[in-house]
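Trainee: Chain A is fixed; fit chain B onto it per the hints.
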Amino acid sequence: MRKHFAFVALALCLGAGFSAYRGGAAAQADPRQKAYATEPDWNDPQRLIPLNYQQARGKRLFYQYCVWCHADATPAGPSNRANLNPVPPLLNDGAALNGKSDEFLLEITTLGGSAMGKSAMMPPYGRTLTREEIQALIAFARAIAQPPYQPPAPR
Amino acid sequence: MSGNRLQGACKTHRTSALAQFNSWLTLRRLSLCLSVPVLCAALLLAARAGFGQANPAAVADPHPGAEQVWTPQLNAAERCTACHPGVAPPSAARPSIQQPGRVDPLVPHHTKDWGCTVCHRGQGAAAEKEQAHQPELAPAQPLLPTRYLQASCGICHRADLPDTPDLNRGRLLLGEFRCVGCHRLEGIERPAMLGPDLTDIGNKVSAEWIYKWLKEPRTIIDDSGNTAVNGYQMEPRMPQFRLNEEELRNLTAYLSSLRGKPVEPYAFDPKVVAALENSPDLVDQGEARFRQMFCTTCHSLAVTRGGETKLIGGDIGPEMTKVGSKTNPAWLAAWLRNPQAFLPKSKMPRYEWSDQDLYVVTRYISAKLTDPDLLQGVPKLDAATPEQIRLGRRVFLKKGCGSCHAVPGAKLQEDFGPNLVSLGAESISHLHFGDAKIPRSLTAYLQAKIGDPLSVNPTADMPQYRFNSADLDAITTALLSMTGAPGSGGMERLIVPRTPAEFHPAGAFAQVYERYQCDACHQFNGYGGTLATDLSYEGSRAQRQWLIDFLKNPQTLRPSLILRMPQFNMTGQEAAIVADFIGRNLRSPAVNPAGVDPAQFTPQMAALGKQLYEVKYQCQACHSIGAGGGYVGPELSNVGNWMTAAWIAAWLKDPQALLPGGIEPRRALTEDEIKALTAYLVSLRQSEPAGRAAAAAGVGQ
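Going down the list, the protein sequences come from chains A and B.
Just so you know, the first sequence maps onto residues 1 to 155 in my numbering.
Just so you know, the second sequence maps onto residues 1 to 701 in my numbering.
Bound conformation, chain A alone (with noise of 0.2 Å):
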């Protein structure tokens, strides 16, 4: 009975030694391998962001319709942010979006900031894109998010 113990034991001792093995081989794979795309992280060029589907949507939308204040460098050069009052958060500002629901940014992003008691230099995209492309633009919003966004916990 003790031989078939120690036996359990060893084999425990493997496995658990083998998982150890393969999670240190998933943190070093290349974000690319199982990602759609990918965004650099804004702070950090070098490190890449693997982006889901959704995510990936976002990014084609965010590049063409809200990188000139959303952002700090833009695919024509310069950005439009300085010249607004208040300054627009830049997308992956996780410190003031992450406390920002999906709802607020799904509403803000529909209806315009003047609906939304913020500044209406922020136009309302509704009628130009979708519902489903508005949640693609907030998912990658989120993906992107310094600090890190985190979902909160389902109720």
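The reader is advised that the hints may include incorrect statements.
To be verified - Here are the simulated lysine to any residue pairs, SDA-like style, with alpha carbons at most 20 Å apart:
1) B:616 to A:113
2) A:118 to B:613
3) A:118 to B:612
4) B:616 to B:655
5) A:34 to B:470
6) B:616 to A:108
7) B:347 to B:527
8) B:347 to B:334
9) B:347 to B:193
10) B:368 to B:287
11) B:616 to A:110
12) A:34 to B:122
13) B:215 to B:240
Derived by calculation from the structure, the hints in this document are not laboratory data.
Quantities reported herein were computed from a predicted structural model and do not represent experimental measurements.
Mentor: Just chain B now, with coordinates in the frame of chain A:
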């Protein structure tokens, strides 16, 4: 078979015979037998049922029954939904059900109509996870890694789709980097000019420069080996061919012997030369004109700031930082006056030069855009011997240089490289991996081969390109989409072909259009470049007089853009021809010029419009009027002289109707608000439009 049902062209089978077994483990083992005769299945079931009961780890199967999707039109039966129940109906409609591997059921093709493997590849008939994803028995078709998934869209959708940016970029790069010069590629347009015609190359550049170019075409490299231009990497289109010293010398000898017709030096007006020749600021004048004419819209120059080297400028034409050390001033002047005389398919516009401008600009290029160290390391090259020239020509043809470059006495080498129209479906047993330590898969092969051709074949003739990892992925995606002629199973009906856009202007406009190469930057009904404004509806937008003024002296309209319209020094007559053609032919059906009468606008309406602009809608977030405002949209100080009232009203109503994908969002404006805003905007006029007086004089000539 109570669950059997017909849905359109496909059927979903729920095998009720298996539903009674509640062990998921057992089911997975058994599902192998789904497609073999019933008798065999029954025997196995009997043998294994006891094992399943004895296994204490077996849990209740949340999804009794093995799902199988049969799509007869694609000749596919697959069981992916047995393990991925979330992607199939009915659970896809219920977000509360967890969907493994998927967060977003947005892909427009539904599993019930298409199955999974038509896009994701893999073995749909397999019943074990490993055999379905990375099969050992059928390695030809493993699961397609997610980041290349857009390739599958391209199998049927031959035109670019808005949601496949990687595929679109890959296709663009395959054309841009002239892969089509050597390889046959499905759906990649052959550029009008693959590489320069080399018939006169010996007159243009020195033998030393040819040697340097053949050895290493890149001349601007920072410490990390890269140069960024506006955020993306820029490489010369000419790849590196890994020639040995003898080949380099022989090919150089051959090319420098190509002296078709000597360049006739342009005879400058002696008065202009005498006035400028000894001027101390000659080079500065040239630089000022170079900048004013916006040569950098198409050509980039390297700028080093704070230890960081960047190329600033466009990529339509070659990078020019060291071009003064390449060409001689006589050739440069002749080229600038008439580029198409040298390269008939060149995109370079034929500027209207004054002698003074041409003189100072060529002097600036020859004096400042140089690098005394460019030819450092190039050995002393003696006069070419006939034997060297003969061997050099042999190297030229052996390396396939004639695929892109024309030389006298040789036809263009077509199909020099392998035909790649079905590369995306290639079996790995047909690929040569050599000693490469890479996974035996098509995607790994493509990445290795394009990244370094020698890694899989040490004797490859394919030259070395240097793509960054994003571009390498994009090219791999585009190649994977080329799966050859559709096979059986009715795929050919599903192909969505690409209809090439065309624009063939005629008459006087066509001459001006060709002279200034308008389509290099502007789009016309889907044809042309994407650098500048789409002009398909310009006739509805711009007023005639504004167009003429602008063409003669282009001003900045969008403050955020670095690249601007070059100053061609267009004559008044040419500008009028262009403005008339645009006004007559390039109109939007959504804009009715008679629908908005500016005469009805009152100062009260304009005042209300100003308030709407500044307070309610805060348009200044993106637009500027005078000093204040944003950089995103066009500058509006002179919009009353620029745009028609009908266009402004139509734009406010629905911007995307006039510019699909445009970034100005559509707002819920009332008719009265649209009128008021239009009244305000048309009242914005600069009292002395720039260049108006000169334009009037020009038109009168």
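Trainee: Compare the distance between the alpha carbons of residue 215 of chain B and residue 240 of chain B with 20 Å, and conclude whether the hinted pair is satisfied.
Mentor: 7 Å, holds
Trainee: Run the distance test for residue 616 of chain B versus residue 110 of chain A: straight-line Cα separation, threshold 20 Å.
Mentor: 17 Å, holds
Trainee: Does residue 34 of chain A pair with residue 470 of chain B here, judged by a C-alpha cut-off of 20 Å?
Mentor: 15 Å, holds
Trainee: Does residue 527 of chain B sit within 20 Å of residue 347 of chain B, going by the straight-line distance between their CA atoms?
Mentor: 15 Å, holds
Trainee: Is the straight-line distance between the alpha-carbon of residue 368 of chain B and that of residue 287 of chain B 20 Å or less?
Mentor: Roughly 9 Å separates the two Cα atoms, so the pair holds.
Trainee: Are residue 616 of chain B and residue 655 of chain B close enough, with their CA atoms no more than 20 Å apart?
Mentor: 19 Å, holds
Trainee: Sort out whether residue 334 of chain B lies within 20 Å of residue 347 of chain B, counting only the CA atoms.
Mentor: 16 Å, holds
Trainee: Against the 20 Å threshold, does the CA-CA distance of residue 616 of chain B and residue 108 of chain A hold or violate the hint?
Mentor: Judged against 20 Å, a Cα distance of about 16 Å means the pair holds.
Trainee: Please verify whether residue 616 of chain B and residue 113 of chain A have alpha carbons no more than 20 Å apart.
Mentor: 11 Å, holds
Trainee: Just to be careful, I want the Cα atoms of residue 118 of chain A and residue 612 of chain B compared with a cutoff of 20 Å; is the pair within it?
Mentor: Holds - the C-alpha atoms of residue 612 of chain B and residue 118 of chain A are around 17 Å apart, at most 20 Å.
Trainee: Regarding the pair residue 347 of chain B and residue 193 of chain B, is the alpha-carbon distance no greater than 20 Å?
Mentor: 9 Å, holds
Trainee: With the threshold set at 20 Å, check whether the alpha-carbon distance from residue 118 of chain A to residue 613 of chain B stays at or below it.
Mentor: 17 Å, holds
Violated hints for the displayed structure: none, as all numbered hints are satisfied.
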